[in-house]
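Make the full structure from the sequences, and use the hints.
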Amino acid sequence: MKRRNVFSTVTIILVVVYLLIPLVVTAVYSLFEKWTTLTPERFTLANYAALFTERDFMMSLLRTIIVCIVPIVLTVVLVLLALFVSIIYFPKLEKVVQMLCMLPYMIQGVILSVSIISLYAASPTLLGNRLVMLTGAYCIIILPYIYQGIRNSMHAVNMPMLLEAAEVLGASKLYGFFRVIVPNILSGIMVSSLLAVGIIFGDYVLIRNIAGTSFKNVQIYLFLTMKSSSTKASAVFVIIMITTFVITLIMLNLQGNEGRGKKLKGKKG
Amino acid sequence: MEYKTKRKKGRSHAIYLLAFLPFLVVAILFEVIPLLMIIFNSFMPEGSFGFTLEHYQAIFSRPLYQKAILNSIVISLLSSVIGIVIAFFGAMAAHSAGEGSRLRKAFLTVLNMTSNFAGVPLAFAYMILLGNSGLMVQFGKEFGIEFLANYNLYTSAGLRMIYVYFQVPLATLLMVPAFQGIRQEWQEASTLMGGGPLDFWHPGAAAQHSGHHQCAVCQRPGRLRHRLRPADEQLRPAAHQRIGDVCGRRHPAQGDGRRPVGGDDGPDGLRHHDQQLHRQAQL
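For the protein sequence lines, the chains are E and Y, in the order given.
Every number in the numbering used here is 77 more than the matching position in the first sequence, counting from 1.
Every number in the numbering used here is 71 more than the matching position in the second sequence, counting from 1.
Among the clues, some could well be false.
[As the list claims (entries may be wrong)] Computed cross-link-like contacts, SDA-like style, restricted to lysine to any residue with a CA-CA straight-line distance of at most 25 angstroms:
#, chain 1, residue 1, chain 2, residue 2
1, E, K304, E, I316
2, E, K169, Y, V103
3, E, K304, Y, N203
[What the hints assert, rightly or not] Residues of chain E clear of chain Y, computed beta-carbon distances all greater than 12 angstroms:
#, residue
4, E110
5, F120
6, A126
7, A127
8, L128
9, F129
10, E131
11, M135
12, R140
13, I142
14, P201
15, S264
16, I266
17, M267
18, G289
19, N334
[To be verified] Now the stretches of chain Y that chain E is said to cover, found in silico as 3 or more residues with beta-carbon under 8 angstroms:
#, stretch
20, 95-107
21, 155-161
22, 165-174
23, 177-191
24, 195-201
25, 209-221
26, 236-247
Because the hints were derived from the structure by calculation, they are not lab data.
None of these values were measured; they are calculated from a predicted model.
Note that CB positions come from ideal geometry on N, CA and C, so glycine has one too.
In structure tokens form, the structure reads like this:
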């Protein structure tokens, strides 16, 4: 038994080291002026100071945040409305919603962006706007994750029973859905939204194809900086990684809380 | 989830379809139409209207496209195979580290975090590490390590390495639950019957080298032909476990005179052993 444990400990440590080396090395690299010998030389925070005072970078950060929030809020609202109507009034529509929501799993970013561009780029209407196209494309890309998250948590709270209870107590269906069900599945919505944030935050292909370099997000900023200064780029890299990790941590925490909540419910029932 | 309402009359609910509309509009504009257009266009001749398969012919006949498809297949196969081997050992280690151990928790957190690490940032990190003037390359030059000093990231091997990196966390995370399905008891049963740790994971690996398994009847050394299954374990007492499992010969005790089927654990082999068990129980 002991030997097995040593074996597993060593394997885990090896894999963790393998996974962390690129991250740690780049992070250290961003904190020093020079690293050509065994040890890095001259600690400095100048890279970060320069970044945070640079308008260009702050704008790209802001754009990334906007381009994250708008499609996610939009998708959550659309999916909630569609599920409300289809589950309660038109059960036959449920299959349609499911199909439309799961289909994007198979669509690659390149394919979606190229086809959207070729369709609408010449359009004089609102659809011709690059940002509208980008938002639409992001909505589609994150659709499966949002849908799955909402469906799963509806399942977890036993939605039919809750709705019935609300109706027995005199609430209308509309009230029951949006004031009883939605608050109950909020943590599930949060988890899937954060997953979507992770996806959009890490996106390079869609924004590059649809908006080009005129609408820079942090990924494009990193790509452009990489060519000019590697130390500055590594500072951008660290900021991106920290943001992604914070998102992941919050998500894991929320998931953990949800699990605990379910266990408690199980004990009571 | 089925929530059925007693529908009075369809018309009174029609107003709710308005709430469904926004979803439909977005899905049709940015999902359905683009997909359909791509499919239609693929059959459309260049610059005119009609039906043609020439684009498909071009893809499968022009060397440039062929090379591209081949490259994609090769790099995805190779990198997944390597990635899955690493992930297998990682998941196995996570499994044997124990459910609640801190090491396992830390490991899973690292996996979860690095699973988002892909694309431009990943490529950049590898360029810092192993690019033309990357750190490892510098170290290699400094200490005279040929392999590192001459390493070229900008080759298909370098690309493959980056692909492997980003497959490992996801593959491991997906494999951990599979390992949870393997129960401790099976492993103990395997040990009780004289199997080493290797036997449990790969039937016969140790036996081939040591001749350590013997047929319970003829005492001939050989390899275990069946991996233990939960059903086997309950059905058969340990002493009868290896009749026919090891030497693959017919023994009187086997009764029905059939040879155990094949080297692997096909359904036929199992049935054979179950019959044999019943006979023994009757005796």
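Here's how the hints hold up against the structure:
| no. | hint | verdict |
| --- | --- | --- |
| 1 | K304(E) <-> I316(E) | holds, 18 angstroms |
| 2 | K169(E) <-> V103(Y) | holds, 19 angstroms |
| 3 | K304(E) <-> N203(Y) | holds, 13 angstroms |
| 4 | E110 | holds, 14 angstroms |
| 5 | F120 | holds, 17 angstroms |
| 6 | A126 | holds, 21 angstroms |
| 7 | A127 | holds, 18 angstroms |
| 8 | L128 | holds, 15 angstroms |
| 9 | F129 | holds, 19 angstroms |
| 10 | E131 | holds, 18 angstroms |
| 11 | M135 | holds, 19 angstroms |
| 12 | R140 | holds, 16 angstroms |
| 13 | I142 | holds, 17 angstroms |
| 14 | P201 | holds, 16 angstroms |
| 15 | S264 | holds, 18 angstroms |
| 16 | I266 | holds, 16 angstroms |
| 17 | M267 | holds, 16 angstroms |
| 18 | G289 | holds, 16 angstroms |
| 19 | N334 | holds, 16 angstroms |
| 20 | 95-107 | holds (count 10) |
| 21 | 155-161 | holds (count 3) |
| 22 | 165-174 | holds (count 5) |
| 23 | 177-191 | holds (count 13) |
| 24 | 195-201 | holds (count 6) |
| 25 | 209-221 | holds (count 3) |
| 26 | 236-247 | holds (count 4) |
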